[in-house]
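Colleague: Top line first, the protein sequences correspond to chains A and B.
Heads up: the first sequence begins at 1 in the working numbering, then just goes up one per residue.
Heads up: the second sequence begins at 1 in the working numbering, then just goes up one per residue.
Any given hint might turn out to be false.
[As the list claims (entries may be wrong)] Coverage of chain B stretches by chain A, computed from C-beta distances (three or more under 8 angstroms per stretch; other residues unrestricted): (1) 128-138; (2) 174-188; (3) 194-201.
[What the hints assert, rightly or not] Residues of chain B placed beyond 10 angstroms of chain A at every Cβ, according to the derived structure: (4) Phe72; (5) Gly74; (6) Gln160; (7) Thr161; (8) Leu162.
Calculated directly from the structure, the hints in this document are not laboratory data.
Just so it is clear, CB atoms sit at the ideal spot from N, CA and C, and this is done for glycine as well.
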Amino acid sequence: MIKVSGVSIHSEVFSLGNISFEVGDFCCAALTGKSGAGKTTLLESLCGLRRVSKGSITLGNRDVTFLAPRERRIGYVPQDAALFPASTVRAHLEFGPRLHGWNRPEIDLRVEELAALLQLENLLERLPFGLSGGERKRVAIARALAGKPEVLLLDEPLTGLDRDAREETLARFTQMQGSAPVTTLWVTHHLEELGEIPDAVWELEKGKLRLRKS
Amino acid sequence: MGLGWIFLLLIIGLVTANIYYVASEVPWGDRGLDLLSPELVRATALTLVTSTVSALLSTLIAVPTSYGLSRFSGRVSRLLETIFDIPILLPPLVVGFCLLLLFNHLPFAGKSIDAWLGVPVTYSVAAIILAQVTICTSLAIRSMKASFAALDPRAEQVAQTLGAKPVEAFWKVALPSVKQGVFGAASVSWARAVGEFGPILVFAGAFRGKTEVLSTSIYIEMGAGQLENAALVSLLQMTLAISVLITVSVLSSAGKDRF
Chain A
1 MIKVSGVSIH
11 SEVFSLGNIS
21 FEVGDFCCAA
31 LTGKSGAGKT
41 TLLESLCGLR
51 RVSKGSITLG
61 NRDVTFLAPR
71 ERRIGYVPQD
81 AALFPASTVR
91 AHLEFGPRLH
101 GWNRPEIDLR
111 VEELAALLQL
121 ENLLERLPFG
131 LSGGERKRVA
141 IARALAGKPE
151 VLLLDEPLTG
161 LDRDAREETL
171 ARFTQMQGSA
181 PVTTLWVTHH
191 LEELGEIPDA
201 VWELEKGKLR
211 LRKS
Chain B
1 MGLGWIFLLL
11 IIGLVTANIY
21 YVASEVPWGD
31 RGLDLLSPEL
41 VRATALTLVT
51 STVSALLSTL
61 IAVPTSYGLS
71 RFSGRVSRLL
81 ETIFDIPILL
91 PPLVVGFCLL
101 LLFNHLPFAG
111 KSIDAWLGVP
121 VTYSVAAIIL
131 AQVTICTSLA
141 IRSMKASFAA
151 LDPRAEQVAQ
161 TLGAKPVEAF
171 WKVALPSVKQ
181 GVFGAASVSW
191 ARAVGEFGPI
201 LVFAGAFRGK
211 TEVLSTSIYI
221 EMGAGQLENA
231 ALVSLLQMTL
241 AISVLITVSV
251 LSSAGKDRF
């Protein structure tokens with residue numbers, strides 16, 4: 001579950017005030033709005049990368065408002081994927097599980113599982129340099145999911161992809177949500193791309209949030 | 001670009017002049033063995049040891065410092081950057097002179113630093129290293145800061161959302177991503193340390209068999225009118241510097257191919 005209650009965020013350029021919304025367990029909600037509306041700012045606050053000045057954030061039944069990013073049990077996919085330049089795809093997938101103290105067989109099993117689900121089997125020993133846009137996004141999604149987070153936070157994961165790569169990424173996400181659903185907040189300013197995937201759609205406009213679909 | 005060609009000719013001229021002088025004026029045979037004199041062997045060994053220690057220390061200091069500078073902006077950060085640049089902007093002799101004053105004339109708990117330490121640093125091997133580190137660390141910080149600044153901090157933020165502490169994000173994500181930069185900074189520091197002269201002459205002295213390094217050897221040999229020996233030492237230093245530059249260049253292109 002994601003529950004945001006009366007959150008206010010002040011950045012250098014704008015403010016978001018009294019934002020409240022909720023995403024149910026294993027549901028996928030879309031957060032839309034024009035460029036510069038504050039979608040990424042709000043998402044970064046959920047990640048713990050930006051402080052909130054008021055309100056509370058609950059992720060998976062835990063109040064995480066004052067917790068560090070590492071304690072929030074989230075999977076975060078930033079807009080630019082932000083892969084680790086010196087790590088292979090396999091190392092990306094092992095990163096979270098290793099930090100959480102999983103043993104070797106558990107890590108190997110998880111890597112195999114995600115590589116199969118997101119079609120990364122042939123890329124496991126590659127470095128990010130030279131991967132296509134779609135491959136980079138799939139690696140970023142797999143990396144975010146590897147540690148079995150309670151919540152998945154996606155920041156425009158389809159931006160910059162060509163049509164085929166967008167469709168491929170969406171198909172993999174749909175397949176993943178069918179087999180092992182994760183509570184997801186998907187930030188996008190091209191809502192039409194998501195089709196029927198979101199269970200709810202929230203729109204951020206002029207610092208206010210309104211429900212467009214539930 | 002025309003002036004660039006003239007500068008290129010000047011550099012080639014410098015190297016050629018040294019090689020030509022050694023080839024034409026140094027009497028090879030018995031006197032050529034002067035190159036293997038115990039003093040020169042010791043000066044070469046001391047140069048290599050002190051430069052390596054200094055390059056390692058400079059890199060160790062520069063990596064976390066430059067990382068901090070690249071991740072924090074603001075007045076304090078800018079002020080610190082300016083302060084860290086001071087040793088490379090000052091004339092090298094001034095750096096050596098200030099080190100001399102710091103260790104001998106600045107009272108520390110009623111004594112000079114040298115007296116307080118109990119072991120005199122001035123005119124010792126430690127003074128050579130300290131003089132080299134003072135200059136090389138500034139250089140390494142500049143070099144490393146550019147590497148860290150080019151690295152998107154978002155990757156470290158993602159690492160933290162995956163469960164990494166900030167220090168783990170630095171070790172596991174940021175540092176491996178700039179390893180070419182670390183190697184480059186260490187190499188440049190080493191090359192600079194090998195060639196450092198002014199601060200070493202003033203702070204460590206140029207005592208034959210004690211604090212003599214290759215750069216001060218040239219000074220000693222020239223002072224004694226032994227231009228042939230000075231030319232040989234100069235050529236040796238040139239070879240070391242060019243070898244480092246070629247190694248860094250080759251490894252950097254290998255790194256670019258990889259990332």
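Colleague: Decide, hint by hint, whether the structure agrees.
Modeller: Right, here's what the structure says about each hint:
1. 128-138: violated (count 0)
2. 174-188: Three-residue rule met by the stretch 174-188 of chain B, so holds; n is 3.
3. 194-201: Violated - the stretch 194-201 of chain B has 0 residues with a Cβ nearer than 8 angstroms to chain A, which falls short of three.
4. Phe72: It holds; B/Phe72 is separated from chain A by about 16 angstroms at its closest Cβ, greater than 10 angstroms.
5. Gly74: Holds, because the least Cβ-Cβ distance between B/Gly74 and chain A comes to about 13 angstroms, which exceeds 10 angstroms.
6. Gln160: violated, 4 angstroms
7. Thr161: Non-interface label on B/Thr161 violated, nearest chain A Cβ at 4 angstroms vs cutoff 10 angstroms.
8. Leu162: violated, 4 angstroms
Violated hints, listed in ascending order, are 1, 3, 6, 7 and 8; each of the other numbered hints is respected by the structure.
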